[in-house]
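Given chain A's structure and the hints, the job is docking chain B onto it.
Number of protein chains: 2
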Amino acid sequence: MKEFKGSIDRLRVNGERLRQTMETMSKIGRTKGGGVQRLALSDEDKEARDLFIKWLKELNLEILIDQMGNIFGKRKGKRDDFTPVITGSHLDSQPKGGRFDGVLGVMGALEVLRTLEENKIDTERPIIIVDWTNEEGSRFAPAMVGSGVWSGSLDTEWVYNRTDASGKRFEDELKRIGYKGEFPCKSFPIYAYYEYHIEQGPILERENKIIGAPKGIVCLHWYDIYVEGEANQVGPTPMEGRHDALCAAAEMILKVNELPSKVKGDLVATVGEINNYPNSRNIIPDKVHFTVDIRSWDDQLALEAWKILEKEFKAISEKRGCPIRVEETWKVEHSPFDKRLVQRVLDNAQRLGYPSLYMVSGAGHDASYMNQVAPTAMIFVPSINGRSHVEVENTKWEDCEAGVNVLLHCILQSANER
Amino acid sequence: MKEFKGSIDRLRVNGERLRQTMETMSKIGRTKGGGVQRLALSDEDKEARDLFIKWLKELNLEILIDQMGNIFGKRKGKRDDFTPVITGSHLDSQPKGGRFDGVLGVMGALEVLRTLEENKIDTERPIIIVDWTNEEGSRFAPAMVGSGVWSGSLDTEWVYNRTDASGKRFEDELKRIGYKGEFPCKSFPIYAYYEYHIEQGPILERENKIIGAPKGIVCLHWYDIYVEGEANQVGPTPMEGRHDALCAAAEMILKVNELPSKVKGDLVATVGEINNYPNSRNIIPDKVHFTVDIRSWDDQLALEAWKILEKEFKAISEKRGCPIRVEETWKVEHSPFDKRLVQRVLDNAQRLGYPSLYMVSGAGHDASYMNQVAPTAMIFVPSINGRSHVEVENTKWEDCEAGVNVLLHCILQSANER
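Heads up: the protein sequence lines correspond to chains A and B, in order.
Position one of the first sequence corresponds to residue 1 (my numbering), numbered consecutively onward.
Position one of the second sequence corresponds to residue 1 (my numbering), numbered consecutively onward.
Isolated chain A, as found in the complex (with noise of 0.2 Å):
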């Protein structure tokens, strides 16, 4: 290899190239709506794998597969015994989800490495790029326990023995797609670890930025609430006297919506998923599962506010005779990123002339386990009209490319300090 010709501050990533491989990864568990359907260990998640391992072979990377199925490829440095720097996201996604959350930031990794490649630039230290198994948790919950496992916050074991709806286990899925690895799942010193990402949100349009720098990301905690009431006939049962599990769970539900409001600071709660039983129109329901996401920058708001919502279910189960269980499901703290390479993303952008934001991120992501053994940073594009985990999420293709431009500059900088 040779060092590229000219000042290395004016190398760009092929926007188009860039375009072509989302576009060529997007048709991997297309669906009718426009997005993509790649859930964790399904064979459409093997089929994006398997292009993925093609695509770093043509690079010459050396590749590695954990037991989590966690995909690395490896980009010598001229000091092999430096400690790398790693980038990437996730291959999977959301049921019935878009074409960038996750594979942006992937395809985008790929894509600074095959710049680097053409312009034969060597760095100092190695470069990986990584995919990592399961980050939507919308198969098998919870979310991101590939980074989860090799950071040391999860369980092996325990994540193997998760199931998804139809009771399928997840190692043998892992198994079954051929991407449960020999290598031990299990961190190693990193230099510093950047994951490009969709904004997943409203806030760089509102904005109008192209460059999203987040601090940090906010805490997620989740909980699953039983409500159980008293089933019955409809018709011949009177109201008087009614233990009706689907309307105790409305009144929560409904308390959820009105928390933030009630608390002081930026706080979200949000009741995504419930599951209603029998679920027969003429039978009162007598049980109901729903599920609580609090997410904030401050940890101790997130629960205060739950004390908050204990307090108004726990009123509400008893006024109507439906008793209530609680799960607490998961917690992960607010994640501040790594001062020094969260101004390097800022720097970067105003080098290359993108308008930046300083913000925070709303959404958990494999960077959030990595920054707990790692210095992290991420990037972000905008998401049109902040919408994301749909068909319709979309991004302009000119933005996609900037952000590859800034991850692309980033990892040079990284990559070649001693």
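These are calculated hints, taken from the structure and not from any lab test.
What you were told as hints is all true, and nothing was included just to trick you.
Copies of the same chain look alike in the list, so a pair counts if it fits in one copy or across any two.
Straight-line Cα separation of at most 20 Å, PhoX-like style, residue types lysine-lysine; simulated pairs:
id, residue 1, residue 2
1, Lys-46, Lys-180
2, Lys-331, Lys-307
3, Lys-262, Lys-307
4, Lys-32, Lys-287
Keep in mind it's a predicted model, so treat the numbers as computed, not measured.
Structure of chain B alone, referenced to chain A:
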């Protein structure tokens, strides 16, 4: 055949045989929780029908299956040209339903015919026992289609094209279980229709009565509501500007629950079914479907109540920016039974020494449709704790027997009228 020796007034059914018959039948589709699941046109429905027909054959009845799968068993009268007395109910059940709903009315009728047969009692008029297809409507909506088509209220082809949740057609499933008969499904002149059934409510038990004689069936209005919102990743989407379809639906569900307290008169209103999309804990719901069931003895009151609800739904829809679409799925007017037959039920209960109650039926029954084409009455027995459409649904065996004794004498009197 010879006349019964002794006063026919002293004739009683065999309660022990009734219990055994009920227990044998309840093995078909038995659930772990002690109930039954015999969804219409399922393998379990077929098995129950086969057993029923075997028992009809033992009584040498003339068996007839019509194009809707309704099963008739005719016992000859002395004057076979006279219009017959019909009695029966349905063998299908709710998902995880009880062992008494429907089947008691068919097995009770069977016990009446067995009692007549073993005592060699002939009647002037023919007596027909019937099992109506798909009374429950939980697999194929709407309910009571067998009697609905027979009475001329529903169209055969329309019912044939109804599909279950997996897309299977009614007619295909009817053929599959071998119960699409040759005979046209069409009413013929009948003298009287009696339907024996559990109350499915708490009134008889509360009033300490054994026999209920409903003056008729309340009206029944079914609506399907479709709410639309905007899906988004929950974390990065601020609370302001959200269009959360589940929150809109939750508000509407509570309005349905509050409706009876807003109108004068007796009315019940229930949401039994809700389907939320995409039903993922980290996506704001963008589609919710739920059902509304309104019942009252007063048709006009039910319509006025719906008008109130519609206005409230519209206001919620506008406030939350969640458009709604309403389908008026089904409307059955309140149905007053034949006064003479209802009085006969009360008289026989008194003569037999069973405390009785003049009441209304809150549940729809095949008797609703039958009432449109023939003099009709029903006989109720208490539901323990008022529970029905659940696995713990229960009725004391002595109450079951009492109801069949009342049925026996009502039938004898009607069948011997010239």
